[in-house]
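As given, the protein sequences belong to chains Z and P, one line each in that order.
For the first sequence, our numbering assigns the number 8 to the initial residue and increments by one for each residue that follows.
For the second sequence, our numbering assigns the number 8 to the initial residue and increments by one for each residue that follows.
Derived by calculation from the structure, the hints in this document are not laboratory data.
Hints may contain errors.
Pairs involving identical chains hold if they fit within one copy or between any two copies, as the list cannot separate such chains.
[Unchecked claim] Cross-link-like lysine-lysine pairs, in silico, DSBU-like; alpha carbons within 35 Å at most:
(1) 294 / 63
(2) 294 / 222
(3) 284 / 222
(4) 284 / 159
(5) 159 / 222
(6) 63 / 127
(7) 30 / 286
2 protein chains.
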Amino acid sequence: MAGGSRGCVTLRGSQFQELLDAKHNVLFDCDGVIWNGETAVTGAPEVVRLLKQRGKRVFFVTNNCTRPRENYVQKFSRLGFTEVAEEEIFSSAYCSAAYLRDVAKVQGKVYVIACSGVIKELQDAGVPVVEEVGDEEPGTTIYNCPLDPDVKAVLVGYDENFTFMKLAKASCYLMNSDVLFLATDPDPWHPLRGGRITPGSGSLTAALETASSRKATVIGKPSRFMFECIASQFDLDPARSLMVGDRLETDILFGSNCGLSTMLTLTGVSTMEEAQKYKDSESLERKDCVPDYVVESIADFLEALEE
Amino acid sequence: MAGGSRGCVTLRGSQFQELLDAKHNVLFDCDGVIWNGETAVTGAPEVVRLLKQRGKRVFFVTNNCTRPRENYVQKFSRLGFTEVAEEEIFSSAYCSAAYLRDVAKVQGKVYVIACSGVIKELQDAGVPVVEEVGDEEPGTTIYNCPLDPDVKAVLVGYDENFTFMKLAKASCYLMNSDVLFLATDPDPWHPLRGGRITPGSGSLTAALETASSRKATVIGKPSRFMFECIASQFDLDPARSLMVGDRLETDILFGSNCGLSTMLTLTGVSTMEEAQKYKDSESLERKDCVPDYVVESIADFLEALEE
Chain Z
8 MAGGSRGCVT LRGSQFQELL DAKHNVLFDC DGVIWNGETA VTGAPEVVRL LKQRGKRVFF
68 VTNNCTRPRE NYVQKFSRLG FTEVAEEEIF SSAYCSAAYL RDVAKVQGKV YVIACSGVIK
128 ELQDAGVPVV EEVGDEEPGT TIYNCPLDPD VKAVLVGYDE NFTFMKLAKA SCYLMNSDVL
188 FLATDPDPWH PLRGGRITPG SGSLTAALET ASSRKATVIG KPSRFMFECI ASQFDLDPAR
248 SLMVGDRLET DILFGSNCGL STMLTLTGVS TMEEAQKYKD SESLERKDCV PDYVVESIAD
308 FLEALEE
Chain P
8 MAGGSRGCVT LRGSQFQELL DAKHNVLFDC DGVIWNGETA VTGAPEVVRL LKQRGKRVFF
68 VTNNCTRPRE NYVQKFSRLG FTEVAEEEIF SSAYCSAAYL RDVAKVQGKV YVIACSGVIK
128 ELQDAGVPVV EEVGDEEPGT TIYNCPLDPD VKAVLVGYDE NFTFMKLAKA SCYLMNSDVL
188 FLATDPDPWH PLRGGRITPG SGSLTAALET ASSRKATVIG KPSRFMFECI ASQFDLDPAR
248 SLMVGDRLET DILFGSNCGL STMLTLTGVS TMEEAQKYKD SESLERKDCV PDYVVESIAD
308 FLEALEE
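In isolation and in its complexed conformation, chain Z is listed as follows (with noise of 0.2 Å):
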């Protein structure tokens, strides 16, 4: 098959079917594919539902650092998914704790500039936490303040509470070559309601990179450790599962890294317009931010599920 004429196949008919009976595990994103904020997608209970149904493993895989793995299940509950369970969702958060614990094995405290939910997981995780919570006595400076010398990790996800201070520390942590960096997610902004838009990870990590010299090990998508972190629990077979998901340059390009199928949905943020771009694109890398199928919504998988 010719290069160029790779992906962005619109499936019909049995074609989904066949795919679908090639597929033994289905990866979701979440925000833009199976609920826009506090809306469910139309039908996106229904497939989770058939799926698991027809036997197949459903995971989702989303970069949103914000929340903890138990208020996912809330949520996927409040939204109208009843049988989704903790050990299915696989997030930023999640594999960052499970990254600090189990891959580099870190013997010492990781100092955090995130949300509680990157706290909430790290804790669960049995990592010892440094947390900067803003009660420092009058005077305080980063001449002055006291660093832990047990830190051996820094960790950057998305932090509102994000100040001066925690940079500049999390900067002379980094001076320390033998401590690790890491990024939850590389996600650079969040739109928010209104047009307004929110800075995210991606952004504070640029901030300490830059300050520091150094390049963090990034957890989210596009990085192939959020599969592998499925896969150490799962035993998943690449060729056998499919990555779904509506943004090209982490979904598709994760899936793409990680040998998984892909599929875009148009629910979210990516377009198809934008899909073709990089489809019609000279350079092997953006190929691999093109996604091998296209739906409208994932609604569509309910023709092939109800047969």
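Since the structure of chain Z is already known, use the hints to place chain P on it.
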């Protein structure tokens, strides 16, 4: 002359005299060149005095944006430099204000993430400023905080009171492509006493560049603007100007970018070994960081000046 043999010349006797005869303007960086913290480099005040006595024009060109020019005059005086005038001092704060007023001719307010030195220079230049004073109503979030429709530029510098909210607001302002995006200087970090570091303007700028998907126009060295700012007021001939600095990647590159002769002094950050590495490099870009001349200290000027 073979490309590899140019630069890093240690001047001896009459060579120093010849260089001084050929140059009419001497530009000094401050930190690490004429002083370190609150201590003048030995002989520096005498060098400045004698250069002026010989009819040379002397300028001070610093990326440090923390002080307004009037405070620099006080510091010069305090450290024994008795004849330095405000007009001879070009800081990234002063030059940013000049750029906004004279080059960008900004018609509206500037949202400033920086220290008081920058605010003061903008006010002195008559540029309207929106300054974040941290007195927001309780419950104010990035979802509901007021955004000023008159903001036409965002300026980022060194800011020890940097917060997530400032970053988020600036990101929202920069969604409008008509809003200018400026940074005082690119310095990634600064050394502190006791082996610590503090994040520089470049670190905060990196966060905002990532969150806004835009690139800042950087005013400080090594970009050419600070030289253009001096030249617009003093009619400088680059061929008759010498730039003296302690950092290869800012001071020396700045001199190269502006067509000046360049001199590295070893009383600050960069070393002779680092200069030699750039000289040995095959990359043309790296060659621009090779100084024409190297001195142990600017006190080496004295012998040539006292004759």
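Verification of the supplied hints:
1. 294 / 63: Answer is within; shortest intra-copy Cα gap is 28 Å, inter-copy 59 Å.
2. 294 / 222: Both: 25 Å inside a copy, 26 Å across copies.
3. 284 / 222: This pair counts as both: shortest intra-copy Cα distance 29 Å, inter-copy 23 Å.
4. 284 / 159: Cα proximity of residue 284 and residue 159: across copies only (32 Å, versus 43 Å in one copy).
5. 159 / 222: both (16 Å within a copy, 33 Å between copies)
6. 63 / 127: within (30 Å within a copy, 64 Å between copies)
7. 30 / 286: within (24 Å within a copy, 57 Å between copies)
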